[in-house]
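Q: Given chain F, put chain Y in place with the hints provided.
2 protein chains.
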Amino acid sequence: MDNSSYCTESLNSALSGTKSGSSYDDMVEITGATLDFSVTEDVQSLDRDEDGVEGVPRLLELLDEPVPGLGTYEDFNTIDWVREKTKDRDRHREGAAAYIVNYLLYVSWALLFSFLAVTLVRAFAPYACGSGIPEIKTILSGFIIRGYLGKWTLVVKTVTLVLAVSSGLSLGKEGPLVHVACCCGNILCHLFTKYRKNEAKRREVLSAAAAVGVSVAFGAPIGGVLFSLEEVSYYFPLKTLWRSFFAALVAAFTLRSINPFGDSRLVLFYVEFHTPWHLLELIPFVLLGVFGGIWGAMFIRANIAWCRRRKTTWLGRYPVLEVLVVTAVTGLVAFPNPYTRGSTSELISELFNDCGLLDSSQLCNYDNVNVTRVSNRLPDRPAGRGVYTAMWQLALALVFKMLITVVTFGMKVPSGLFIPSMAVGAIAGRLLGIGMEQLALYHHDWLVFQGWCSPGADCITPGLYAMVGAASCLGGVTRMTVSLVVIMFELTGGLEYIVPLMAAAMTSKWVADALGKEGIYEAHIRLNGYPFLEPKEEFSHKTLAMDVMRPRHGDPPLSVLTQDGMSVQEAEELVASTAYSGFPVVVSRESQRLVGFVLRRDLVISIDSARQRQEGVVSSSRIFFTEHPPPQPPGSPPPLKLRSILDLGPLTLTDHTAMDIVVDIFRKLGLRQCLVTHNGRLLGIITKKDILKHLASMANRDPDSILFN
Amino acid sequence: MDNSSYCTESLNSALSGTKSGSSYDDMVEITGATLDFSVTEDVQSLDRDEDGVEGVPRLLELLDEPVPGLGTYEDFNTIDWVREKTKDRDRHREGAAAYIVNYLLYVSWALLFSFLAVTLVRAFAPYACGSGIPEIKTILSGFIIRGYLGKWTLVVKTVTLVLAVSSGLSLGKEGPLVHVACCCGNILCHLFTKYRKNEAKRREVLSAAAAVGVSVAFGAPIGGVLFSLEEVSYYFPLKTLWRSFFAALVAAFTLRSINPFGDSRLVLFYVEFHTPWHLLELIPFVLLGVFGGIWGAMFIRANIAWCRRRKTTWLGRYPVLEVLVVTAVTGLVAFPNPYTRGSTSELISELFNDCGLLDSSQLCNYDNVNVTRVSNRLPDRPAGRGVYTAMWQLALALVFKMLITVVTFGMKVPSGLFIPSMAVGAIAGRLLGIGMEQLALYHHDWLVFQGWCSPGADCITPGLYAMVGAASCLGGVTRMTVSLVVIMFELTGGLEYIVPLMAAAMTSKWVADALGKEGIYEAHIRLNGYPFLEPKEEFSHKTLAMDVMRPRHGDPPLSVLTQDGMSVQEAEELVASTAYSGFPVVVSRESQRLVGFVLRRDLVISIDSARQRQEGVVSSSRIFFTEHPPPQPPGSPPPLKLRSILDLGPLTLTDHTAMDIVVDIFRKLGLRQCLVTHNGRLLGIITKKDILKHLASMANRDPDSILFN
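Protein chains in written order, with this note's numbering: chain F, 1 to 709; chain Y, 1 to 709.
Everything labelled a hint here was simulated from the structure, so no lab data went into it.
Be aware that one or more of the hints could be misleading.
If chains are identical, the list can't say which one is meant, so a pair holds when it fits in one copy or spans any two.
Unchecked claim - Derived lysine to aspartate or glutamate pairs resembling DMTMM-like cross-links, with alpha carbons at most 25 Å apart:
1. K194 - D660
2. K201 - D647
3. K194 - D664
4. K201 - E534
5. K151 - E518
6. K194 - E538
7. K197 - D608
8. K689 - D555
9. K239 - D664
10. K536 - D555
11. K239 - D513
12. K517 - D702
13. K668 - D655
14. K194 - D564
15. K689 - D704
16. K668 - E538
17. K689 - E199
18. K668 - E537
19. K173 - E538
20. K201 - D664
21. K689 - D664
22. K536 - D664
23. K239 - E534
24. K689 - D655
Here the structure is a predicted model, which is why all the values come from computation and not from measurement.
Looking at chain F on its own, in the form it has when it is part of the complex:
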């Protein structure tokens, strides 16, 4: 080994950096003679055990921590490679007994944590379960769910999220963190009158809070803003964009001040490789996109079917038991496989990263013989035994994650979907990547590999395939595009890989959309019957406003108030006999010309307060919505002037307006109802619920599945 290769070594370890696990960051001298790569084979099969029962009893491990510095090296010293390897081997020569004890401990801790999580949720804050994003989308679209963003939800969700993640269940923390951030935003709104009193203003704050949630969950501020824009928010004017941007900036700044990973980066999955990719590799990348799309669509179907079963059968009556069973199954199946035992984030991080020469993990067990380096980059090498072991373990992990996530997402514990879907994609991608790498290595004479995969070239980076796979699966499940790619950049720092990531995201969206129109959040919104007017779907039917408005043919006529002459009693009878949330006011019953709109709530309150405070207002008093009530005949009770509660600018449409325009107006203006006229005469009313029912019946779904708004 000549001198020139030293630089490669240290370059490689420097480039693969903190992730490669080597603790020799500073200047060290590596003596070529002590480097014998063949010894790595002796320890390869034990490497993943190193972390023991990762993810669960980390607290216990802290107690066993050795004296700091013991067995490490001084500056400018030579390390002893053989001693290092032996230390590693000794540490993990555990017997079968210890393994079984660990196994049982692992499952027991998991059960304890998940039991605590589900019990706390059930006892104190039922809204704390799930990811929360479907409900937040619905709230942002104008619906009100009291308590969903309250302080109890905040506290319980924060605590149970930690428990749920620690229990080893196949779930992530990102969605729930968005919910937690929105709770914080909502609670902060109560401090300011401007936001407390105005539901629309409050929703602007919630949009920014959603951005902050992703910003801190991923360390991806711009991705957070775009996630809020593309996925969560309903109205997103530029002003909200800037405010979200500012909120995400403050979040990123705070995160940076805390410096969670100790390397002044915000993210967990930072990759250090900058290997270029070849244009032909777009074919496998697109294939990963197809895989992600198919898996995403299938996952949504299976998950929705399972959740529907939970809603309708006995399953829903035993949520604690369900969580315990799923936790037990997860623990029992996950523990034996080193790739499912530990934290999923760390698995993804390992899959994303490239193998350095000194990397001793099983996944990096390549044969280093015959390595003739021609550049700074490490050439593709033949896979060793460890890599093949890792591959089938990863394949098992893939199947397991794909199945268990279906039953996990939607249980009565806080559960996010980002990390599990990324894990599925990363495993699939890494497997394909290693396959491609070995194919290119052994068949570098094939036409497709000629020119870029000559022997000794570094032509395939399996970590990149894992990144692309993760983006594909996340895209297939959520149908994000721009925000997905930005989140992937910010997560990994892989700006060179923008084209592969974009291609995979686009393919996965297309494939998934072809197999099922809705993303996971929309599917859950529909499952739960929330009154959410999907802004993405295009309305393509040729119906008119008159087909949707009420009253229909044969219905009793529209309940209206007249602008003058109606008595208090008549108004009260109207209110008592209907459940409408508001009434149009017309000039007269004969002309039906529209004057304005009055909210039921305002009308009831006004009449009640007038009866109590205003001298002489009785049931026979007349109500006037006109500016100047005519003088009353002497002896009659004093009139009730209600012009102040009259909305003089209600939006009206004609009965011939095409429904696609009506839907568009409802979406863009966020209307709750709209009055329908014909030749200037009031004819009927269309509410948001009418539109949702119409959309459902047009799509051959049950219109009555939609909750009342």
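A: Frame of chain F, contents of chain Y only:
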């Protein structure tokens, strides 16, 4: 020098990579003994001359290219440092005569190029001048400018853009490339009926084209999509987002296939440093944001004042002369200063990058004595004579760029603003960065520097300050936020610097907004009087629809058609006596109840074609908009049935609707006009122009400055 430092050397050259100009990419052995850093001082003052008359006669230089490989090294060889330096010195020992010849050549070429550019623009496509973004914004908001996106504009703008950039004028190519991309999009629209016939659909394509323009100009696909969303587009539904995303993906893919920079990257300004930044550095970063904001606002004012002078005085009558004078002044002032002589992109690239140990440029002329390295990173070093020379040259360049850009942007040649503003910011940032670096070096005992700027630490990266400065100035001029930060990432790969970039972008937007409400594009839109309804500005006045609608008090009554009984002659007289683009149709003049709306164009065409084709239609024929015209008395001419041209669903508002809601509805629904009713009776009409005039008068501007829509 011990062995351990080799790695540092090669690491540094590897990390500062292709930009540092060293040609020793492969494994080379550097013998410590041949490294004498003191020799660098001898050549420092000549280094920038190396590129000669960069930017202009590069074509000529190709002919003088030496035999490839001559004077280079074999693989695994030791380079001769002294020989390298001497070669460098010999090559540039030019006399004063040669300098003057170069000088004159530089200015002459510049004049020739700019003359050709302005002449071509004037002769063939007057719309090809300027950046084009204000006009594209206006077009996307619903205005029609015929020929603005035509094939002649495309061809001429492409050619003259190359000429204008080559002429050394202080302008960039990014804005014009957006215009060129939109021309392509518009021309492609003509191939598909769906897009040719529908102006709204075509605007969706143009939004995607704008994204593509930035995507190829900067190699920043996601930045392009967000630029289109935040800055250019008017309506940007999620569907357009995805389509723009796809278009940008294809653009990035194509760019990657062409591989313009030969390193499989899409961008010019890639920075290789990953030095962490300290939280305290946010103070200078925010200061740069303040500078960018102030400069941006001042630039806009000065530029608009100059452009107004051009519009109103003799200046506007001599555009060719103006271009030639500005080119001559630019050339004469720019040539002597090495930092303004060459291409601005390369200047920015140099300013963004960090100085490696072997970097021989003037800007990197640091004293390397007493360098004791404690980590892989190069410590802060005292500035040498070259750095101080560079600093005052840069300061002069800064003043020059700040002044000359004001008169350049808006001349009758294609001119973008991104590169000049980034250059101003990059220079200011680099100067501040070097200042901070030297301050921290000489005063490392100050409280603020304690703990992170100990002697020998690499605590300040001047290149990062240049990046932040560039983002600030670009933000101050354009008022972008999210798209700005994403473009800066994609341009530089500096994902670690997201917080500094966000902080600078936010500060610069705030400061600039405080000094002047409008960005440069909005300011030019207003200068030119385009009917553009700003989606960002909030309408905060308490006026009602009745204050804005026409007819006003004292005006003649609204011109309406009745649904039955009007004769062809009456309709023709109505059309002839007014210039309105449409007429409301009412039940009868007495009731004024609204039936629908008819476009003037449709009415005229229908009557004309009926007169020509339909048997017996004469001036006294009656026009019916009703579904079933009543039977006509015998002997009377056959009726004209025009229900098919009647828009039965015109949007109506009541006269009491608050204007902020009216403005919101016009923006969100993209209306051209809206009818105003009172108690079901038609009262008046509000057009987009009425709203623009109302906004102008509310802001104390001349309402008549707005062009007719």
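Q: Going through the earlier hints one by one, which of them does the structure break, listed in rising order?
A: Going through the list in order, the structure violates hints 5, 10, 14, 19 and respects the others.
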